[in-house]
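S.K.: Residues per chain are reported as follows:
4 protein chains.
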Amino acid sequence: MKPFQLASREYCASDTVITIAAPAGKVYVGEGYCTVIAGPCAVENRPDYLNLAHRLKEMGADILRGGLFKPRTSPYSFQGLGRSGVDILVQARQETGLPVITEIMDIRDLDILYANIDILQVGSRNMQNYSLLEELGKLDKPIMLKRGLSATIEEWLLAAEYVLKGGNKQIILCERGIRTFETYTRNTVDIGAVPLVKQLTHLPIIVDPSHATGKWKMVRPIASAAVAAGADGVMVEVHQDPDRALSDGKQSLTPENFAKMTSQLIKHAQINLKQPATALH
Amino acid sequence: MKPFQLASREYCASDTVITIAAPAGKVYVGEGYCTVIAGPCAVENRPDYLNLAHRLKEMGADILRGGLFKPRTSPYSFQGLGRSGVDILVQARQETGLPVITEIMDIRDLDILYANIDILQVGSRNMQNYSLLEELGKLDKPIMLKRGLSATIEEWLLAAEYVLKGGNKQIILCERGIRTFETYTRNTVDIGAVPLVKQLTHLPIIVDPSHATGKWKMVRPIASAAVAAGADGVMVEVHQDPDRALSDGKQSLTPENFAKMTSQLIKHAQINLKQPATALH
Amino acid sequence: MKPFQLASREYCASDTVITIAAPAGKVYVGEGYCTVIAGPCAVENRPDYLNLAHRLKEMGADILRGGLFKPRTSPYSFQGLGRSGVDILVQARQETGLPVITEIMDIRDLDILYANIDILQVGSRNMQNYSLLEELGKLDKPIMLKRGLSATIEEWLLAAEYVLKGGNKQIILCERGIRTFETYTRNTVDIGAVPLVKQLTHLPIIVDPSHATGKWKMVRPIASAAVAAGADGVMVEVHQDPDRALSDGKQSLTPENFAKMTSQLIKHAQINLKQPATALH
Amino acid sequence: MKPFQLASREYCASDTVITIAAPAGKVYVGEGYCTVIAGPCAVENRPDYLNLAHRLKEMGADILRGGLFKPRTSPYSFQGLGRSGVDILVQARQETGLPVITEIMDIRDLDILYANIDILQVGSRNMQNYSLLEELGKLDKPIMLKRGLSATIEEWLLAAEYVLKGGNKQIILCERGIRTFETYTRNTVDIGAVPLVKQLTHLPIIVDPSHATGKWKMVRPIASAAVAAGADGVMVEVHQDPDRALSDGKQSLTPENFAKMTSQLIKHAQINLKQPATALH
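Chains as they are written, first to last, in numbering that gives the first Met the number 0: chain A, 0 to 280; chain B, 0 to 280; chain C, 0 to 280; chain D, 0 to 280.
Copies of one chain are not kept apart here, so a pair can be met inside one copy or by any two copies together.
Quick list of in silico lysine-lysine cross-link-like pairs, DSBU-like style, CA-CA up to 30 Å:
(1) K25 to K140
(2) K266 to K214
(3) K168 to K137
(4) K266 to K56
(5) K1 to K249
(6) K1 to K216
(7) K168 to K25
(8) K25 to K259
(9) K216 to K168
(10) K216 to K266
(11) K168 to K140
(12) K1 to K214
If you're looking for bench data, these hints aren't it; they were derived computationally from the structure. Every value quoted in this text rests on a predicted model; they were computed, and no experiment measured them.
Using the sequences and the hints given, assemble the complete structure.
M.R.: If you want it as structure tokens, here you go:
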């Protein structure tokens with residue numbers, strides 16, 4: 000018997016499709032769609048974020064990302080704008096009509112993020128922060144659960160089970176690379192997780208090729224690979240000027256390269272009968 | 000330049016020795032001492048815990064452990080007694096005179112644990128829960144920081160840096176095994192971390208051979224190895240009836256085997272000119 | 000400076016394309032082609048192998064595989080037909096007109112394999128068997144060099160360098176999964192190796208999704224992912240009756256599923272402007 | 000059922016002790032002894048090697064090591080003196096009376112090494128070179144089988160089984176570090192392998208802290224840890240002038256540090272009731 004229950008295919012044979020209502024219409028994540036989430040690693044300031052948000056919308060992004068609370072390995076690195084940046088995401092959402100996603104690190108930020116953000120992301124470092132997962136299980140709000148750096152697929156699905164057990168069924172899994180001995184890349188994307196997760200569970204899965212590789216030149220091929228393997232979409236980092244990014248510049252696409260990636264992605268997705276996730280398209 | 004600063008040998012050349020005041024006298028963790036922390040994985044009920052606590056004291060334990068909040072991979076596993084068990088640890092501390100340690104998972108438990116517990120443990124799953132680390136940095140209370148399952152030594156010391164940066168200098172590092180491809184053992188104890196940490200930092204380091212191996216038969220040899228390599232002590236799981244433990248029975252020593260381990264441990268420690276922490280009592 | 004030289008892009012900017020002359024015409028491996036290598040893990044007997052070979056040709060295989068010398072973890076497992084099976088591969092080559100590939104484990108088999116086989120494969124266990132690599136460097140014969148289970152990309156390219164240094168430029172790299180902590184799959188396919196190898200070296204790279212995953216259900220999606228990521232082809236295990244295979248049955252496709260995979264693969268390959276290697280026949 | 004048979008405790012309950020006859024008397028490897036193997040990574044020239052050999056004997060080495068055939072990751076690194084250096088080891092053996100060990104990489108060197116060397120070492124890269132293992136199984140000569148960089152304990156014991164199956168029962172296992180994500184050390188020594196191997200098999204096991212750590216400062220503590228954990232000895236690299244070594248200088252002890260290590264090692268060994276392995280002591 001598999002240790003996870005509510006997450007299992009046996010419990011729910013049909014694919015879960017997440018519906019996100021945003022000003023410009025509904026966006027879907029799940030089987031049949033190829034959802035593209037894009038934005039900078041961290042929100043740095045209002046004008047740059049708004050400017051980029053508009054460009055990303057034109058180029059086919061379905062959901063906008065932007066980190067406010069950044070879990071940084073060193074306490075001396077830029078930690079994000081925090082609560083003061085929430086309003087920037089709200090404005091970007093209003094102006095573009097697209098839903099927004101940001102990471103939650105601390106239960107004490109739950110109120111402000113719940114009220115303003117469309118999807119709450121649990122980062123890989125917090126995948127087994129069970130107190131946080133239990134709180135998120137009480138919400139009626141989509142959760143994106145990133146795989147921990149050394150989490151087995153079973154542990155990952157059991158983390159999802161913590162949220163499901165609380166009553167929240169809206170979970171998007173995100174493969175973002177695991178830790179191995181290889182040092183050329185930041186992490187090793189476990190592409191096999193995609194078909195395996197599709198087989199074991201009814202939850203949608205997307206891939207984050209930016210964190211998984213750490214190199215922008217690898218983002219496009221790995222995004223294509225993810226969709227070809229059956230992923231329901233990708234989340235990528237885009238920055239207007241990657242060389243000047245406050246974090247993760249090396250793995251960020253320029254808007255131009257993002258557009259190239261998206262057009263290629265859709266072709267691979269169509270072989271698997273998937274369509275762009277924004278109802279507007 | 001090393002990315003950690005307050006944790007580095009360059010910042011503080013002399014070894015940090017942690018002093019823990021308890022009813023029966025002070026207990027030390029750090030260079031020159033071989034401190035033995037023992038107890039069950041989880042506190043299960045009052046009479047069993049108190050009974051075991053007295054036996055462990057007789058057998059040479061310096062500090063009592065007992066989990067109240069258990070971070071379990073599955074939401075369907077026993078999750079610990081929670082806040083209602085704090086009083087059991089308080090009574091054990093009072094009766095034996097030994098200090099107690101337990102894990103903190105949630106910032107909302109900080110008040111009750113701060114008021115009653117001698118050492119607060121951060122588990123491997125929360126090693127990069129920076130919100131928690133920052134709160135612990137504000138306390139005047141010893142913290143035991145377990146290494147994450149796939150944390151590099153650098154990331155581990157940077158997690159310690161989050162606590163040190165807040166002003167709390169009382170950190171005990173605990174190597175508890177890392178995740179590798181080997182499946183015979185639960186984890187792979189990184190014995191090299193012991194001399195390396197001693198070289199890189201002034202903080203004390205102990206080893207947890209119970210979680211690192213997952214097999215009680217390996218606990219004694221790995222505990223000996225840890226001390227021979229220069230560790231400042233060990234933390235081991237002991238249960239009166241391992242076969243009936245609610246968690247981690249397979250890796251728990253019986254009290255009899257714990258006594259055998261301790262007597263051998265002291266011999267290895269003496270070669271490195273270390274003395275049991277209780278010797279000062 | 001990169002430690003590999005003859006393998007590097009700096010040494011040779013244009014892509015190396017391997018040409019294999021076979022009775023039915025030339026087959027190519029390299030940029031612009033999507034070469035499909037297929038066959039059973041081990042050659043088991045003459046009629047089954049010949050029968051399968053014909054079916055694979057009809058279904059679009061470009062090269063036939065079949066192990067004669069099987070490096071098995073246990074000395075008690077089936078070790079392959081050895082030298083007595085060479086003639087079966089020769090007959091299959093003659094009848095189908097397709098080139099054949101088999102693994103070489105022992106320098107003493109070099110003469111017979113050189114005389115009869117089109118591509119000599121170095122298995123992952125022998126990737127750093129430098130005596131063997133040096134002998135292969137003296138030949139005018141294509142070599143397929145599988146990545147070692149825990150070999151970094153740098154070590155892999157340095158192993159290729161041993162062959163190149165001897166004068167043999169005809170090397171096909173094969174990613175076949177690396178060893179990680181994940182246990183659901185046999186190995187973890189490092190899909191990032193594909194774009195990275197393309198960037199670092201001029202040598203062609205293919206992916207073996209059968210060994211990488213250990214599960215036949217994952218072979219099709221991972222083969223698609225490999226080609227979408229830019230791989231020059233795939234090598235897959237096919238068996239007429241996987242449940243009765245003497246080795247690796249669980250990861251073997253039936254001929255029917257092989258045909259499905261191939262048709263999908265071609266669609267992904269065409270997005271990257273690649274054509275099947277057989278198109279030139 | 001365990002997949003290994005001749006190597007198992009079930010097959011042979013009593014510990015195998017290897018006896019090596021050398022000019023100065025017998026040397027033992029196995030339960031009850033603490034055998035110290037020492038020497039430079041590679042034999043570089045005659046006078047230096049002979050000079051060092053005499054010093055090592057005085058300082059308590061039981062067996063002399065010295066690589067002639069060096070499996071180097073890059074084909075451009077120093078590859079060892081090869082066959083021409085055999086005579087240097089022969090002379091050192093004659094002058095000191097100690098047995099010698101060197102690595103065999105190629106079956107074609109078997110004759111000359113069999114005739115002159117006391118223990119043939121199989122390196123980690125060749126642990127699954129089954130052709131080589133089968134040939135060694137036919138000899139009446141002790142074999143040291145190093146664990147592969149990513150070999151599970153089961154795969155390692157199955158490699159030993161290849162040798163045992165051929166009839167050669169004289170196998171010494173050597174743990175030399177496994178490959179993990181940690182980058183501060185060259186490899187991660189799996190100290191748990193020591194008690195586990197002792198439990199699973201009757202074969203002796205030693206530890207190589209030099210390759211396992213890659214840092215000479217870690218060699219002494221890890222050697223002590225190995226013996227405390229129950230290892231039957233250690234193999235360490237010693238060089239008269241580590242800064243000028245042609246290979247592995249960073250992990251080589253000076254003779255002075257070797258002497259310090261040995262004296263401490265014996266104390267830890269005596270707690271486990273082990274004695275030096277040279278009959279002369």
